[in-house]
Every structure is written in structure tokens, then in C-alpha cells.
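**Student:** Line order of the protein sequences matches chains A and B. Sequential numbering from 0 applies to the first sequence in numbering that gives the first Met the number 0. Sequential numbering from 0 applies to the second sequence in numbering that gives the first Met the number 0.
Treat the hints with caution; some may be incorrect.
Ranges between beta-carbon positions, derived for each pair [stated by the list, open to error]: (1) Pro108/B to Gly17/A: 51 to 57 Å; (2) Gly17/A to Leu49/B: 30 to 36 Å; (3) Tyr264/B to Gly17/A: 37 to 43 Å; (4) Glu9/A to Ala555/B: 53 to 59 Å; (5) Tyr25/B to Ala113/A: 35 to 41 Å; (6) Glu9/A to Leu508/B: 42 to 48 Å; (7) Val130/B to Gly68/A: 30 to 36 Å; (8) Gly17/A to Leu207/B: 36 to 42 Å; (9) Leu207/B to Tyr15/A: 48 to 54 Å; (10) Gly43/A to Leu156/B: 39 to 45 Å; (11) Ala1/B to Gly43/A: 36 to 42 Å.
Computed list of lysine to any residue pairs in SDA-like fashion (alpha-carbon distance at most 20 Å, straight line) [to be verified]: (12) Lys410/B to Lys498/B; (13) Lys410/B to Gly133/A; (14) Lys498/B to Phe208/B; (15) Lys331/B to Thr19/A; (16) Lys178/A to Gly33/A; (17) Lys331/B to Lys178/A; (18) Lys410/B to Asp90/A; (19) Lys27/B to Thr19/A; (20) Lys498/B to Val83/B; (21) Lys410/B to Phe481/B; (22) Lys116/A to Val83/B; (23) Lys331/B to Gly33/A.
So these bits of chain A aren't anywhere near chain B, every CB distance computed over 10 Å [to be verified]: (24) Glu9; (25) Pro86; (26) Arg182; (27) Glu224; (28) Thr235.
The set of hints was computed from the structure by calculation and includes no laboratory data. Virtual Cβ for every residue (Gly too), placed ideally from N, Cα, C.
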Amino acid sequence: MSEVSLLRLEGVSKTYRGATKPAVDNLSLEVRAGEIFGFLGPNGAGKTTTIKMVVGLLRPDRGTIVANGHDVAVDPVAAKADTGYVPDNPDLYDRLTGIEYLNLVADVFGVPQAERKRRIGELLGMFELGPAVGDIIQSYSHGMKQKLALTGALLHDPAVFILDEPMVGLDPRASRLFKDMMRSHCEKGHTVFFSTHILEVAERLCDRVGIINRGRLIACGTVEELRERRKQADETLEDIFLELTEPGEAK
Amino acid sequence: MARRVLSLILAQLNMNFAISHSRYYYLKKRQRLWEPVLIALAIGSLAATLGVGIYKAASYYYSTSAAIGQGAVTLTLGILLAQVLVAILGFVLVIAVFYFSNDLGILIPLPLRPAEVLAGKFAVILANEYVGLAVFVIPVLVAYGVHAGVSGVPYVLSSVLVFLALPVVPLIIAAVPAILLMRVAGLSRRKDTLAMIGGFLFVAVVVLFQFLVQTKAPGIGEEAEFLAKMLAGANSLVDVVGARFPPSIWATRALAGAGTLQGLYSLVLFLGAGVLAFVALLVIGDRVFYQGVLGGFEAGARRGARPTGKVQEAARYPSRSPVASLALVEMKLFTRTPVYVLNGFTGFVMFPVMFVAMFFAKRDPQIARLWDAFLSAPGLAAVGALVIGAYFFVLAAMSSIPFTAFSREGKRHIWIQRALPASGRTVALGKAVAAEIMIVLGAIPGVAVLEYVVRLPLASVATGIVLGIISSFTLCISGVLFDMWRPMLNWTDPQKAVKSNLNVVAGMLIGLAVIAVLGGAASLFVKFGLPAWSVVAGIGGVLIAILAAEMKLLGALADRMWGALEG
Numbered sequence: 000m001s002e003v004s005l006l007r008l009e010g011v012s013k014t015y016r017g018a019t020k021p022a023v024d025n026l027s028l029e030v031r032a033g034e035i036f037g038f039l040g041p042n043g044a045g046k047t048t049t050i051k052m053v054v055g056l057l058r059p060d061r062g063t064i065v066a067n068g069h070d071v072a073v074d075p076v077a078a079k080a081d082t083g084y085v086p087d088n089p090d091l092y093d094r095l096t097g098i099e100y101l102n103l104v105a106d107v108f109g110v111p112q113a114e115r116k117r118r119i120g121e122l123l124g125m126f127e128l129g130p131a132v133g134d135i136i137q138s139y140s141h142g143m144k145q146k147l148a149l150t151g152a153l154l155h156d157p158a159v160f161i162l163d164e165p166m167v168g169l170d171p172r173a174s175r176l177f178k179d180m181m182r183s184h185c186e187k188g189h190t191v192f193f194s195t196h197i198l199e200v201a202e203r204l205c206d207r208v209g210i211i212n213r214g215r216l217i218a219c220g221t222v223e224e225l226r227e228r229r230k231q232a233d234e235t236l237e238d239i240f241l242e243l244t245e246p247g248e249a250k
Numbered sequence: 000m001a002r003r004v005l006s007l008i009l010a011q012l013n014m015n016f017a018i019s020h021s022r023y024y025y026l027k028k029r030q031r032l033w034e035p036v037l038i039a040l041a042i043g044s045l046a047a048t049l050g051v052g053i054y055k056a057a058s059y060y061y062s063t064s065a066a067i068g069q070g071a072v073t074l075t076l077g078i079l080l081a082q083v084l085v086a087i088l089g090f091v092l093v094i095a096v097f098y099f100s101n102d103l104g105i106l107i108p109l110p111l112r113p114a115e116v117l118a119g120k121f122a123v124i125l126a127n128e129y130v131g132l133a134v135f136v137i138p139v140l141v142a143y144g145v146h147a148g149v150s151g152v153p154y155v156l157s158s159v160l161v162f163l164a165l166p167v168v169p170l171i172i173a174a175v176p177a178i179l180l181m182r183v184a185g186l187s188r189r190k191d192t193l194a195m196i197g198g199f200l201f202v203a204v205v206v207l208f209q210f211l212v213q214t215k216a217p218g219i220g221e222e223a224e225f226l227a228k229m230l231a232g233a234n235s236l237v238d239v240v241g242a243r244f245p246p247s248i249w250a251t252r253a254l255a256g257a258g259t260l261q262g263l264y265s266l267v268l269f270l271g272a273g274v275l276a277f278v279a280l281l282v283i284g285d286r287v288f289y290q291g292v293l294g295g296f297e298a299g300a301r302r303g304a305r306p307t308g309k310v311q312e313a314a315r316y317p318s319r320s321p322v323a324s325l326a327l328v329e330m331k332l333f334t335r336t337p338v339y340v341l342n343g344f345t346g347f348v349m350f351p352v353m354f355v356a357m358f359f360a361k362r363d364p365q366i367a368r369l370w371d372a373f374l375s376a377p378g379l380a381a382v383g384a385l386v387i388g389a390y391f392f393v394l395a396a397m398s399s400i401p402f403t404a405f406s407r408e409g410k411r412h413i414w415i416q417r418a419l420p421a422s423g424r425t426v427a428l429g430k431a432v433a434a435e436i437m438i439v440l441g442a443i444p445g446v447a448v449l450e451y452v453v454r455l456p457l458a459s460v461a462t463g464i465v466l467g468i469i470s471s472f473t474l475c476i477s478g479v480l481f482d483m484w485r486p487m488l489n490w491t492d493p494q495k496a497v498k499s500n501l502n503v504v505a506g507m508l509i510g511l512a513v514i515a516v517l518g519g520a521a522s523l524f525v526k527f528g529l530p531a532w533s534v535v536a537g538i539g540g541v542l543i544a545i546l547a548a549e550m551k552l553l554g555a556l557a558d559r560m561w562g563a564l565e566g
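The shape of chain A in the complex, shown without the other chains (with noise of 0.2 Å):
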């Protein structure tokens, strides 16, 4: 693992209109070349609306976002070409074909034709997406949009790679490709940032983990270091994670 930072989150902190409280508090972080980043916290506790603003869906109110040495509300365009970003419920256009869909990211991703050709085949292929390729994204399964998502984001074989929930919806071989993908990726000198709710994918997979509770960064690390930092060697992620985020304990 490398200590050149591919995404910087310092001080960001977003409140959504008509709300009293901030959905993301002050947060700061970094995720270096290399690594893959587990981003976890119960439900509504502010990681869609973090990873939404570092692929620049949202703007935050403040703080700063740098994605591979480009600042996302300076150089938004920057960023994004060296971000893949697949959301938590791939929504795809239903009514064009699979090819026409990865098509349009790849030429607006500026990926060269016989590049894409290339990728589009070999993620296909991993994804066994391949003979589905043709028909209209209407008639996929949610199984087969999220793998369409991924092969769209990974087309540009991105520096960072954003995701939301991944795991949610692949059948049990697509996870396990898609795990050995992550790693294959972040062996590139790529970054993985994702979030999840499986902790033991977390606790197997990520290099480093993240968790946010009411929008604040509570406990940032490996495993292994939230682990002596609570003096609980036994305890699982699951255990540590219950623990940070109960209910009516402001951390």
C-alpha cells in the first residue's frame, strides 16, 4: 500500500435544506493508493450523502473533497474522469440496451474504441453479462443492472472507485468476483472506497474501515487497530460496530 492519498475528505460537513441537524458533520478523512476503504454506519447515518458528494451529486456546505489530485467542486469534471461511481440502487436508463449504455460512458469517458472493446468484453465476460448485452436494461434482473452499473464504472479503469451497498443484489459468484476485482484493482494502485452493512465482507476485505454515526467519523482504522483501541482482542467487527453506533449514544 502506497502513501500517495487518491481521496481526501477534510472538514466536509453537509446539511440538507429544512433540517435542523447536518447529515455529515465535520468529516475527515483519506484513502490512499492501494487500499480498499470500508465506509460503515447504521442506516441514515450519512455515508449516501457523503459518497454523493465526492462523486459531486451534492455539494457540501463545507470542507474540501480532492479525488487523485483534483478538488471536486473546483475541477468537477477532473474528478469524475478519474472517478467510478456505481449507487447503492442502480437506477440505468430501461430503455436502452446494455451496449448502447456502457457506449455512452465510454464516450463520454473519452475511452478509445478498441480499448472499450476490450474492457467492455473482459467485464462482461467476468460479470457473464455478455449475452445480455443486446437487450434493453428493462428486461434485466436487479442482479444484472448492478453488474451493468460496474462494468460501466470500471470501464475507464478509474483511480478511485466509489460504491454504495455493492454487494447488494449480486448472487453469490458475481460477489465473489467481484471481491477479487476490488483486490485486482486496488493492486493496480487504485483505491476502492465503498459502504456497506455486510461486516464480514468489511472485516475480510478492507484494508482500512470507516465508521460515521450521525454524520461524524467515530472510529477510523484496521480492524485490527479499532480492536486495541478498545482493549476487546476477541471482538468481532460486528461486536466493535454494535457497540459505536447503539442507539441514544452520542460518540
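Position chain B against the provided structure of chain A, taking the given hints into account.
**Tutor:** For chain B alone, kept in the frame of chain A given last:
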């Protein structure tokens, strides 16, 4: 049964008018409180302006027709016109609400009969129709009530009942073929295409019908030509005009004779026709409604179950610029969504049909006079070029395509383009180019028919097309920018993005204002003796200047608005 249907209807109306949604955001969370006030003010002032205009027109029409004992024809024409509009627009609404609502997947598993779901959906369409009709019909009813000296309370009561029943029969006339069409289309893998073709055929038939009826009505100052028809007695013209659609006669007589036995009899006939038509809709719907909906679901599933193996080899990987790629996708998404096509392309079909109808109606003295005036106008070639240019512009204003470019993405899809590394300018330009291509292609049939009828010189047509491309592109750019500024992303059914979107109204108003200003200026210049072709060149110059200014604006604003758009 009545209770659950009522509950269903209330829930449907709640979603349709976003009642709980508005209560939550405006009253509980107190967000953007200025918005409902501004919207109410805008709609209120627009409705008041339109209403007063219609009231004045109806009053004038009444005074001229009453002078020859035919005052009630004002009511017949008002009612008939409203019903024709309901039928034309109703067909699209019926297909959208009955077959493309997102909640069908929730409603069908519920223990409800198809007729009950249909009743709930019908109530939604009816409620939407009342909102529009109020602006057009109430002023006519008031104008007649004020001028005809009818008895107060019975007239008001009859008016309320006639108003409530007015859209029922035309909506059902639109709904029954729509249900039958979708029943057949549901069996086909080309369900969407069939729905679109059927929709346009229906629009064409209704436009032709309306045209035939209209040629039977007296224009202002044309009453003498109808004297022979009136000899039969007072208000006999009502029968002549309404003969092709009897409910309009019943409604007229119910209102004109309010408080009399004849009026009551006509009212019963009018309301009875509505009730009968509704029962017929429920009976037919109970048998075939779900088959059409489920057939559509199966058609989608069949595509997914296609034998595997060959598709990937057939996949193509063309490389395009981001603007071209975005424009292409935009056109594909639009033309593959029946609700958008039926809304956006109606003008593309309606106008050529009207031109054809005008051609065949040349024998009618009113139309013939209009044609003579047009064909013998000095500098017809230049005027023709201006008319063609204006035609493109009107289509752009009416089509709703540019003014819903971002709204159509909705909350569900806006993330896709927002997450792509494309600037706001690129995305907006892609959408504007897509809108322009669709409008230009849609204008060709109308121009072809017009050219066949009028026989303009080729140079005039070519100039008109160039003017049209420039003029419609100015509206496409402003429409896309307007919709980027305040897109309506919160919708559950795609038809809401185009039907309940105030940006579309804004587009029409902007279009009307520009046409009025440029058209007025052109006619003034011609009147002052300026050569007609120099006026064409002048208008062309103004349009190019507007376009250049818009491109500057696009560069200056689009990125900022794109960044501010939170979805």
C-alpha cells in the same frame, strides 16, 4: 367495494397532486416556501388572463349570434371545443396513466378488480382534466349566464353538473379504443410502437372530426351565410353544429333551458350519457384492462429470456464525441418512451393533418377566403419562408421536448449524467441538439404537406427551413437552460415530467411571446413598404443574434447550474 374504491381514488389523487408531499415539504419541513406562492401566483395570473380573454371572446360571440336568435350556439361551440380537446389530450393521458404508471406493480397484486383499479386511474385523469377545463369552460358558462339573462340558481346548478360531467364522455371515447389498442398491443413485442401509432391515428381522426364540425359553425361576421339554416327556429344552429356529437346539444339545452322541464330533460340525458359511458368503460375494462397491462409485462420478460450466445458478437463499439453520444442517447430515450412521444410529437402529426383538412375544406367560404388572402399576398414567397420558419418555432414551443430535457431524467436517472465527466455545457448542448433534431425531423411532414398545398418556390422553402432550424434551435437552447435551472425531478410516472411540468407552460408562453413580437414586427415592416425579403433577412439576423447570445449564456451558466443541481 365502494369504500376500497374510494380509498384507492383518494390515494391516487393524493399522489397525483402531491398533497402529502407538499404538506411534508412546505408545512412540516418549511422548505422553499416561496415556491408554492410563486407557482400559485404564476398559475393564477395566467389562468386569470386566459379566463378574461375567453370571457370577452365568448361575450362577443354571444352578442353577434344572439342578434340573430342563435345565442346558445356560444355554449355549444365552447362545450364541443372543450370536449374535442379532452378527447385529443385524453388518449395520451389514458395510455400513460392506465398502462405506464409506476404503481401498477403495486396495485395489480392487491385484491382489487380490474374495473376498480381502472376507476381509480380514471378519477386521476378526470381530476387533471377539471383543472384545465376550469380555465376554458367556466368563462364561457359565465359569459352566457351574464348575457343571456338566465335564471340564477338553476343555471348555476346546471352549470356545475354540466361542468363535472363534461369530460366524462370524451375521455371514455378516448379510453375505450386505448384499452382495446393496448390489449392487442400487449400481445405484441412491439407494444410501445403500436401504442404510439394508435395514439397518432386517434389524434388524426379527432382533428379531422373537429375540423368538419368547425366548418359548420359561423365565424364572426359570417352569420348571413347561415341564415337559411336558422329558419327552422331560435337556436336551431345548435343542432347544426352539434349534430355530429349530440351530448354537446344536450349540454347546451340543459344550460340554456335551466329551470325548465326541457332543460331538466336535457340535463338528465347529458348526465345519463356520462353514467352509461362510464359503466361501459368499467365493463370493457374489467375484461381486458389487466390483459393489456400483463401482456406488456410479459413482452418485457420475453426480451430478457432470449436465447443467449450471439448478442455480444453483434455488439458495436462506435466512438463518438460526448455531445453526439449524449444527443443520441437522449433521442433514443425519448422516442422509445411512448408517453413522451405521444406528448411531444402530437404537433408533428396534428399540423400536417390540419393542413390536409384545410386543403380539402377549400370549398368552405371562410377557409377559401383565408387561402385566397394568403396566396395573393404580395411577396408570397418571402411570407411563405417566414411561415415555414415560424412553423418550426411553434412546433418547438408546443413539443415540450426542450423544456423537459432534464426533468425527464427524474430523481431516478439524473445521477447517471451527473456522475459522468461531462461539463454542464456539454450535457445541455447534447440535450439541445437532440431536441433540435427531433423537431426538425418532425417538421418535415408538415412542410411537405404545406408545400404540396401552397406550391411555394423552392428558394422560399429552403429559406424557410433554414430560418426554422435557427428559430427552433434558439428555443431548444433556452428550453434546455430553463429546465436545467428548475427541473422537475420528483415524479413517479414519466407522464408527469411532461404533463404536469410548468416548464412546458413557460415554453409555450415564451414561444407565443417571441412569435407575437417577431410576427408583429415583420407585418409592420411589410406594411411600411419594406421589401418582404429584406424583412426575412432582418428576422434571420435577429434570430442569429439571439442564438449567439444564448450560446454565450450557455457557456456562462450551464456549468454553474449543473453543479448546483442536486439529485
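**Student:** Does each hint hold? Answer for all of them.
**Tutor:** Tested hints:
For proline 108/B and glycine 17/A, the Cβ-Cβ distance of about 35 Å falls outside the hinted range of 51 to 57 Å, so the restraint is violated. Judged by the Cβ atoms, the range 30 to 36 Å given for glycine 17/A and leucine 49/B holds: they are separated by roughly 34 Å. For tyrosine 264/B and glycine 17/A, the Cβ-Cβ distance of about 56 Å falls outside the hinted range of 37 to 43 Å, so the restraint is violated. A hinted range of 53 to 59 Å is violated for the C-beta pair glutamate 9/A and alanine 555/B, which are about 30 Å apart.
For tyrosine 25/B and alanine 113/A, the Cβ-Cβ distance of about 54 Å falls outside the hinted range of 35 to 41 Å, so the restraint is violated. For the hinted restraint 42 to 48 Å between glutamate 9/A and leucine 508/B, the CB-CB distance of approximately 46 Å keeps it satisfied. Checking the proposed 30 to 36 Å range against valine 130/B and glycine 68/A shows it is violated: the Cβ atoms sit about 53 Å from each other. At roughly 52 Å, the beta carbons of glycine 17/A and leucine 207/B sit outside the given window of 36 to 42 Å.
Checked against the given bound of 48 to 54 Å, the beta carbons of leucine 207/B and tyrosine 15/A, roughly 53 Å apart, stay inside it. Between glycine 43/A and leucine 156/B, the C-beta spacing of about 54 Å breaks the proposed range 39 to 45 Å. At roughly 40 Å, the beta-carbon separation of alanine 1/B and glycine 43/A lies within the given 36 to 42 Å, and the hint holds. Our distance criterion of 20 Å between C-alpha atoms is met by lysine 410/B and lysine 498/B, whose separation comes to about 17 Å.
Note on lysine 410/B and glycine 133/A: the hinted pairing is violated, with a Cα-Cα distance of about 26 Å set against a maximum of 20 Å. The straight-line distance between the Cα atoms of lysine 498/B and phenylalanine 208/B is roughly 24 Å, outside the 20 Å bound, and the hint therefore fails. For the hint linking lysine 331/B to threonine 19/A, the alpha-carbon distance of about 42 Å lies beyond 20 Å, and the restraint is violated. Restraint check for lysine 178/A and glycine 33/A: satisfied, since their Cα atoms lie roughly 14 Å apart, inside the 20 Å limit.
Proposed proximity of lysine 331/B and lysine 178/A is contradicted: the alpha carbons are some 34 Å apart, above 20 Å. The hinted pair formed by lysine 410/B and aspartate 90/A meets the criterion: a straight-line CA distance of about 10 Å does not exceed 20 Å. A distance of roughly 12 Å separates the Cα atoms of lysine 27/B and threonine 19/A; the hinted pair therefore holds under the 20 Å criterion. The straight-line distance between the Cα atoms of lysine 498/B and valine 83/B is roughly 18 Å, inside the 20 Å bound, and the hint therefore holds.
With a C-alpha separation of about 18 Å, the suggested pairing of lysine 410/B with phenylalanine 481/B holds against the 20 Å cut-off. For the hint pairing lysine 116/A with valine 83/B, the CA-to-CA distance comes to about 53 Å; that exceeds 20 Å, so the pair is violated. Taken as a hint, the lysine 331/B and glycine 33/A pair is broken in the structure, with Cα atoms around 39 Å apart against an allowance of 20 Å. At roughly 19 Å from the closest C-beta of chain B, the C-beta of glutamate 9/A stays outside 10 Å, upholding its exclusion from the interface.
Not every CB of chain B lies more than 10 Å from the CB of proline 86/A, the least distance being 6 Å, so the non-interface label is violated. Taking the minimum C-beta to C-beta distance to chain B, about 24 Å, the non-interface status of arginine 182/A holds against the 10 Å cut. Distance to chain B confirms glutamate 224/A as a non-interface residue, since its nearest Cβ pair spans about 32 Å, more than 10 Å. Residue placement check: threonine 235/A keeps its beta carbon more than 10 Å from all beta carbons of chain B (closest about 34 Å).
Taken one by one, the earlier hints fail for this structure at numbers 1, 3, 4, 5, 7, 8, 10, 13, 14, 15, 17, 22, 23, 25, listed in ascending order.
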